[in-house]
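Colleague: Chains as they are written, first to last, in this note's numbering: chain A, 1 to 256; chain B, 257 to 588.
Don't read these hints as lab results, they were simulated from the structure. It is possible that some hints are incorrect.
[Claimed, not checked] Calculated pairs, DSSO-like style, for lysine-lysine (alpha carbon to alpha carbon, straight line, at most 30 Å):
hint	chain 1	residue 1	chain 2	residue 2
1	A	K76	A	K181
2	A	K119	B	K494
3	A	K182	A	K223
4	A	K71	B	K362
5	A	K85	B	K468
6	A	K76	B	K468
7	A	K85	A	K238
8	B	K494	A	K85
9	A	K105	B	K362
10	A	K71	A	K223
11	A	K76	A	K5
12	B	K362	A	K76
13	B	K584	A	K105
14	A	K13	B	K494
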Amino acid sequence: MLEIKNLNFSYGKNAILKDINFSAKAGEFISIIGPNGAGKSTLIKLIDGILHAENSDILLDGELIRHYSRKQLAQKIAYLPQESKFAFSFTVRDVVMMGRFPYLKGVNLYTAEDIHIVKEMMGLMEVDQFAHRNFNELSGGEKQRVLIASALAQQPRIILLDEPTSALDLHHQIAIYHVLKKLQREQNLTIIVVTHDINLAAQYCERITLLGNGTVIRDGEPKNVLQFNLLQETFGVKVYIDINPLTDSLYILPYE
Amino acid sequence: MNDKIRSVNSYRTVVGVLLLFTVLTIFTAPLIGTEESSFVDLFKSNVGLMIFFDLRLPRIAFAFLVGFSLSIIGVAFQALLQNELATPYTLGVASGGALGAVIAIKSGLALTVFGFTTTTFFSVAGSILTILIIYVIAKSRAGLSPITLVLTGVTISLLFSSLILFVHYLADFTETYRMIRWLMGGLQVAGWSYSLTLIPLVAFIFIYLLRKAVALNIVSSGDEMALSKGVDVFSLQKGIFIISSVLVGIIVAFAGPIGFIGLIIPHLVRLIVGADHRKLLVAAPIFGGSFLIWCDTLARTIISPAELPVGIITAMLGGPFFIWLLVKQKRM
Numbered sequence: 001m002l003e004i005k006n007l008n009f010s011y012g013k014n015a016i017l018k019d020i021n022f023s024a025k026a027g028e029f030i031s032i033i034g035p036n037g038a039g040k041s042t043l044i045k046l047i048d049g050i051l052h053a054e055n056s057d058i059l060l061d062g063e064l065i066r067h068y069s070r071k072q073l074a075q076k077i078a079y080l081p082q083e084s085k086f087a088f089s090f091t092v093r094d095v096v097m098m099g100r101f102p103y104l105k106g107v108n109l110y111t112a113e114d115i116h117i118v119k120e121m122m123g124l125m126e127v128d129q130f131a132h133r134n135f136n137e138l139s140g141g142e143k144q145r146v147l148i149a150s151a152l153a154q155q156p157r158i159i160l161l162d163e164p165t166s167a168l169d170l171h172h173q174i175a176i177y178h179v180l181k182k183l184q185r186e187q188n189l190t191i192i193v194v195t196h197d198i199n200l201a202a203q204y205c206e207r208i209t210l211l212g213n214g215t216v217i218r219d220g221e222p223k224n225v226l227q228f229n230l231l232q233e234t235f236g237v238k239v240y241i242d243i244n245p246l247t248d249s250l251y252i253l254p255y256e
Numbered sequence: 257m258n259d260k261i262r263s264v265n266s267y268r269t270v271v272g273v274l275l276l277f278t279v280l281t282i283f284t285a286p287l288i289g290t291e292e293s294s295f296v297d298l299f300k301s302n303v304g305l306m307i308f309f310d311l312r313l314p315r316i317a318f319a320f321l322v323g324f325s326l327s328i329i330g331v332a333f334q335a336l337l338q339n340e341l342a343t344p345y346t347l348g349v350a351s352g353g354a355l356g357a358v359i360a361i362k363s364g365l366a367l368t369v370f371g372f373t374t375t376t377f378f379s380v381a382g383s384i385l386t387i388l389i390i391y392v393i394a395k396s397r398a399g400l401s402p403i404t405l406v407l408t409g410v411t412i413s414l415l416f417s418s419l420i421l422f423v424h425y426l427a428d429f430t431e432t433y434r435m436i437r438w439l440m441g442g443l444q445v446a447g448w449s450y451s452l453t454l455i456p457l458v459a460f461i462f463i464y465l466l467r468k469a470v471a472l473n474i475v476s477s478g479d480e481m482a483l484s485k486g487v488d489v490f491s492l493q494k495g496i497f498i499i500s501s502v503l504v505g506i507i508v509a510f511a512g513p514i515g516f517i518g519l520i521i522p523h524l525v526r527l528i529v530g531a532d533h534r535k536l537l538v539a540a541p542i543f544g545g546s547f548l549i550w551c552d553t554l555a556r557t558i559i560s561p562a563e564l565p566v567g568i569i570t571a572m573l574g575g576p577f578f579i580w581l582l583v584k585q586k587r588m
């Protein structure tokens, strides 16, 4: 459903992404990993049309994304930025309600259906008990859950997350991945996560895309990507790779 | 659901109280003045009637419209730039308008097209030019970051202030006097022509912004978030910046630079009705209109029989408020 062909992108003279080919099928859970400056965040911003690349082919359901209106695109793709701060005080419910904007027609009134969906997503993400609290006063984990609920209210087919767990403790990291896994299973949602946490990626995702220096170094199952020569070349550190016997997933430990 | 009903009710109460306050303001403020008059006295004599209908009432209508406009533009700018310090004044748009107007006074051109004078045209041109400069500078590097914009605005204000001084330097005594008096701001008008010019534009902007209220809520969470929620951020920015710089330009030409209304009012009203622009865009301008009428009444009477420029009153109230907001924001 998502297809990227020969994508190039640069800020001024700095080439950020070079000749990227990437595709995602419905219901895939993909992690994008790579060193700082590899172009991970840029890639998902391009997918959501937040950044524009000249002469690039990013196709969603066979149609170039730049041919979609902002509202049409928001009905298909949801995006969670790395950091979100509201300049003013909105309640949790207000924030989740914003996810219904792509379906809003003309006047500024939400329908009964909008309200129903918002309620459902708040329940799903277990944020309904603090629906009337000020979003800005929530903890990092609570904020992420609210933002995911808001993204889900868009009823998207693809959800893009930029380091959703970087500010969270162990419990909340696992909780977020758990929810994402559930969404993948129950709603056949395509999930693309940019992350530095390779171990969580290896545990939850069927597919990892390793970016380095603006190109795709390797793309495939965790066991094909998490290879120590590849990681050593890309990250410039040696890694120890083993299997966690309790989850049967790979994990890595960097050294030197 | 109960909470929702309660918040709708309390919002209606707030708007009701504000409307009542406005009506009271419109009927009491004109009675306060040098010619002490009660309603009865006022309508006994022809002079009283004339003072009321030709001087006081037009002045109050004009003050209301100016306060209304400055508040609503403040609300829109603050949402677009995700910063409650953003107003046409902090961004230098009003300085641009002032520079235009001062150049018009110096040039001595006296053209009038459709009731608009040279001063108005130059002032609108100055405002639009400023917005364009800010937009281009801020866009040249990684988007419209709020801090970049506010800093750009402050710098532009300073630059324009020195250009205004330069024009002063070139001007003769009469011109300088007119410029200084004009730069102090004032709402004294005779007749209804300014108000009638403002009404269609203000109504247009009011309706335009109300239709964009939900989009403004989302934009206040950042451009990337807003784009991903389906808001066409760039056309929204363009639309609002262009129409508000035209309005600011006209207001600056008519009333001189009256600062801080767009800063104080949105902040206070946000404390009462919350951040939802569907409510804020209604309550803030009503309150702003009445507020400016009272500032003007104060300006009219405080050193009676002389008058103080209303810009001095708003600046004396707004300056400390701005610093307080700045400190509060830093702490957060």
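Colleague: Given the hint that K85 of chain A pairs with K238 of chain A, does the C-alpha gap stay at or below 30 Å?
Modeller: violated (37 Å)
Colleague: Taking 30 Å as the top limit, are the C-alpha atoms of K494 of chain B and K85 of chain A close enough?
Modeller: holds (23 Å)
Colleague: For the pair we were handed, K182 of chain A and K223 of chain A, check the Cα-Cα distance against 30 Å.
Modeller: holds (23 Å)
Colleague: Need the status of pair K76 of chain A, K181 of chain A: alpha-carbon distance at most 30 Å?
Modeller: holds (19 Å)
Colleague: Is K362 of chain B within 30 Å of K76 of chain A, Cα to Cα?
Modeller: violated (57 Å)
Colleague: Would the hint linking K71 of chain A and K362 of chain B be met if the CA-CA limit is 30 Å?
Modeller: violated (49 Å)
Colleague: Can you confirm whether the C-alpha distance between K584 of chain B and K105 of chain A stays at or below 30 Å?
Modeller: With Cα atoms ~38 Å apart, K584 of chain B and K105 of chain A exceed 30 Å; violated.
Colleague: Compare the distance between the alpha carbons of K71 of chain A and K223 of chain A with 30 Å, and conclude whether the hinted pair is satisfied.
Modeller: Status violated; Cα separation ~38 Å.
Colleague: Can you confirm whether the C-alpha distance between K85 of chain A and K468 of chain B stays at or below 30 Å?
Modeller: holds (21 Å)
Colleague: Hinted pair, alpha-carbon criterion (30 Å max): K76 of chain A, K5 of chain A. Please report holds or violated.
Modeller: holds (20 Å)
Colleague: Checking one constraint from the list: CA of K105 of chain A to CA of K362 of chain B, max 30 Å. Satisfied?
Modeller: Roughly 50 Å separates the two Cα atoms, so the pair is violated.
Colleague: Checking one constraint from the list: CA of K13 of chain A to CA of K494 of chain B, max 30 Å. Satisfied?
Modeller: Holds, at about 27 Å.
Hints 2, 4, 7, 9, 10, 12 and 13 from the earlier list are contradicted by this structure; the remaining hints agree with it.
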